[in-house]
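Note that the protein sequences, when read in sequence, are chains A and B. In terms of this note's numbering, the first sequence opens at residue 1 and continues consecutively. In terms of this note's numbering, the second sequence opens at residue 1 and continues consecutively.
Please note that a few of the clues may not be correct.
[Claimed, not checked] Subject to a maximum C-alpha distance of 25 Å in a straight line, what follows is the list of computed SDA-like cross-link-like pairs (lysine to any residue):
| hint | chain 1 | residue 1 | chain 2 | residue 2 |
| --- | --- | --- | --- | --- |
| 1 | A | 106 | B | 17 |
| 2 | A | 353 | A | 318 |
| 3 | A | 77 | B | 160 |
| 4 | A | 215 | A | 86 |
| 5 | A | 293 | A | 339 |
| 6 | B | 89 | A | 3 |
| 7 | A | 88 | B | 4 |
| 8 | B | 159 | B | 93 |
| 9 | A | 215 | A | 83 |
| 10 | B | 89 | A | 10 |
| 11 | B | 242 | A | 85 |
| 12 | B | 89 | A | 78 |
| 13 | A | 295 | A | 366 |
| 14 | B | 241 | A | 22 |
| 15 | B | 17 | A | 136 |
| 16 | A | 29 | B | 161 |
| 17 | A | 330 | A | 387 |
| 18 | A | 38 | B | 246 |
| 19 | B | 9 | A | 119 |
| 20 | A | 7 | B | 249 |
| 21 | A | 7 | A | 40 |
| 22 | B | 89 | A | 101 |
| 23 | A | 288 | A | 355 |
| 24 | B | 9 | A | 124 |
| 25 | A | 43 | A | 86 |
| 26 | B | 89 | A | 44 |
| 27 | A | 7 | A | 38 |
| 28 | A | 88 | B | 246 |
| 29 | A | 366 | A | 411 |
[Stated by the list, open to error] Computed list of chain A residues with no C-beta within reach of chain B, every gap over 12 Å:
| hint | residue |
| --- | --- |
| 30 | 87 |
| 31 | 178 |
| 32 | 186 |
| 33 | 192 |
| 34 | 315 |
| 35 | 330 |
| 36 | 333 |
Don't read these hints as lab results, they were simulated from the structure. The beta-carbon is built from N, C-alpha and C at its ideal position, and this holds for glycine as well.
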Amino acid sequence: MNVIEIKNLNKVFKIPHEKRTTLIESIIKLHKRIKYEKLHALKNLNFSVKKGETIGVIGPNGSGKTTLLSIIADILKPTFGEVRVNGKIIPLLGLGIGFHPELTAKENIYLYGTLMGFEREEIDKKFNRIIKFSGLNKFIDTPLKDLSSGMQARLAFSIAIQSQGDIYLIDEVLAVGDLSFQKKCLDIIRKFQKAGKTMILVTQGLDLVNKLCYKALFLHNGKQIYFGKPEVAIKKYLRFSDIKNKNITKEIKKSIKKEIAIEEKNISKSPIGTTIKKMGGIRITNIKVLNEKGKEATEFRKNSNISIKISYNASRKIKNPYFGVAIHSKDGKILIGPNTNSDKCKIRALSGKGYILCKFKKLPLKEGEYYISASIHKKDEAEVFDFKNMVKKFIIVGDKNKGHGIVEVEHKWKIQS
Amino acid sequence: MPYNWNLIKEFVITDFKLRYNRSVLGFFWSLIKPLLMLGTLYIVFSIFFNLNIPNYQLFLLLGLVVWTFFVEATVLGTQSLVSKGVLIKKINFPKAAVVLSSNLTCLVTFFLNLLVFSFFFVIARKGIGVYSFLFIFFIFELFLLSLGISYLLSALYVKYRDMIHIWDVLIQVGFWITPIVYPLSFIPENILKFYMLNPIARIINDSRDVILNNTLPSFWHLMMTLIICTLVYLLGITIFKKRSREFAEQL
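Excised from the complex, chain A in its bound form (with noise of 0.2 Å):
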């Protein structure tokens, strides 16, 4: 059963040129209509989630997460779109948020657990157990104001999970605690996800992701770039933030590592070694493969002029660059790879964007399907700018093959006897 469905959701905000805050302003610019600057936080979102599913939600900050979990709760409205929520809410989207620094700590506890939705006697139930989960015992009529942000923290987390929901969204709150307290909260997540509660967590902790989180999803700049398996939606948010896996575990680490053999293991070795480092500064943009009259194609005749052409795009200068192109039979293997040093083809420096061509006279291989490399390199080959493995397709279609063998070229048998 889906708890959560999103479909098709969008969030825009309308930000003000100049912002008109005064009722005076307002009337004396009645005639001037006030221009907006449409800030488009959440593009088209589409994902259900079941009951009792813990998901995550990464991404970079200001990509729509919080955005996302106030819609969810209700606490902004959609622009437009769809949000179906079956079940009793509880938003945890910054803890301590209905905490009085003035009252003390048993004063805060009955106020922010009736914002919860508790009833006072359901509070005065419950008390012990908050407090005991807490850990704040001897601060119970300590003002708020004593305790320290973490200690805050601590006992809006404990209360919060005191209440009845059937979906918990969570918004960075289990960074707060301390490690004793961290592994409580995640005992706890633990508990909820074997009683059946569906959970949301906005976190930057992958690791708590990987390791909780049935499904994850990843936001970049209000976008759904991803939504499904933990493993490939970190792998994907690492991917797109350049991090050099600093911050995160060897566990995950594995993990990535592993999900990308499987990967790579589809579709072979890339034809100049195991592992590639690309370095950036010029990228592949795309690649085409170009009939005789340099049209894109993916049909092509036994024997027919083809052209491949791999657009770049160079964010600085580089020299001495030389290109690699490689056509692949469907299980991967290199039936063709030429590179323009090899080929004595110098390419001096190359800045912005362009395009080069590799053009292959009567294309000598048989009847079949085949795929495309490009990658562009520095000096020697182990320093990769940019490659692309096997990402492009294309047929070649024509009379039955004769014989045997990859490629066909033109022969003639002689006999003497």
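For this one, chain A is given, so just place chain B on it according to the hints.
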């Protein structure tokens, strides 16, 4: 809705605790302000201007107590949404509770001020009017009026941050176009009709009539006051409801 009332109760308790800072003295401080005002106005008007009104201190105090409630409730009510802004942005709860609870807190103070009035009333050894029970009805009207204005202004204040200053100015003017320090008889007959459109003037005058003068305002006059207050309330709550969807975004 039980949740709603729980929340309102908790808000009122919190506000009250914070206002009086858990000290008995805190409450006396809150009395100083109206009493000081009473003293000053009493001296100015009964001695310098020599208004010849029997029991002027009671006349003035009753007007001041009602007026003070009206001012406090509308000013705190207007600010209530903005001051609870963080909460509104993070938790989904009925926003009207915020405004209502701020007005209820002021109502508690109002009753405490009425105790002070009763004290003066007893000292003056004046007999209580037969129709005094109607005062409960006037309190209801007063609360309805303040709440309506609070809803309206608080919703506008979220977007227009000069609302509170505009209201401040209007209150300053209001003090003098309401029969607080002077009796209604000071108003020329030809403008009385417009003057009496001011609901707070009607409430203060009617309260004095039943408590101090032992006279009964006409039924239609009372109904008219109720209608004005109800209309203000409806206007306030309608605009508030319409705008409340946007609060989280605008705060």
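Cross-check of the supplied hints:
1. A/106 x B/17: holds, 14 Å
2. A/353 x A/318: Measuring from Cα to Cα gives roughly 12 Å; hence the hint holds.
3. A/77 x B/160: holds, 21 Å
4. A/215 x A/86: holds, 19 Å
5. A/293 x A/339: With a Cα-Cα distance of about 23 Å, the restraint between residue 293 of chain A and residue 339 of chain A holds, given a limit of 25 Å.
6. B/89 x A/3: holds, 24 Å
7. A/88 x B/4: holds, 16 Å
8. B/159 x B/93: Holds, because 20 Å separates the two Cα atoms, which is no more than 25 Å.
9. A/215 x A/83: Roughly 19 Å separates the two Cα atoms, so the pair holds.
10. B/89 x A/10: holds, 19 Å
11. B/242 x A/85: holds, 23 Å
12. B/89 x A/78: holds, 15 Å
13. A/295 x A/366: Within the cut-off at roughly 22 Å; holds.
14. B/241 x A/22: holds, 21 Å
15. B/17 x A/136: Answer holds: residue 17 of chain B to residue 136 of chain A is near 23 Å, not above 25 Å.
16. A/29 x B/161: holds, 16 Å
17. A/330 x A/387: Roughly 19 Å between the alpha carbons, so the hint for residue 330 of chain A and residue 387 of chain A holds.
18. A/38 x B/246: Within the cut-off at roughly 16 Å; holds.
19. B/9 x A/119: The hint holds at about 11 Å.
20. A/7 x B/249: holds, 22 Å
21. A/7 x A/40: The given pair, whose Cα atoms are some 16 Å apart, holds under the 25 Å limit.
22. B/89 x A/101: Distance of about 19 Å is within 25 Å: holds.
23. A/288 x A/355: Given pair residue 288 of chain A, residue 355 of chain A holds - Cα atoms ~10 Å apart, limit 25 Å.
24. B/9 x A/124: holds, 16 Å
25. A/43 x A/86: holds, 23 Å
26. B/89 x A/44: Roughly 23 Å separates the two Cα atoms, so the pair holds.
27. A/7 x A/38: holds, 21 Å
28. A/88 x B/246: At roughly 22 Å apart (the allowed maximum being 25 Å), residue 246 of chain B and residue 88 of chain A satisfy the hint.
29. A/366 x A/411: holds, 14 Å
30. 87: holds, 14 Å
31. 178: holds, 23 Å
32. 186: holds, 23 Å
33. 192: holds, 20 Å
34. 315: Check passes; 37 Å lies beyond 12 Å.
35. 330: Holds, because the least Cβ-Cβ distance between residue 330 of chain A and chain B comes to about 54 Å, which exceeds 12 Å.
36. 333: For residue 333 of chain A, whose nearest Cβ neighbour in chain B is about 58 Å away, the distance exceeds 12 Å, so it holds.
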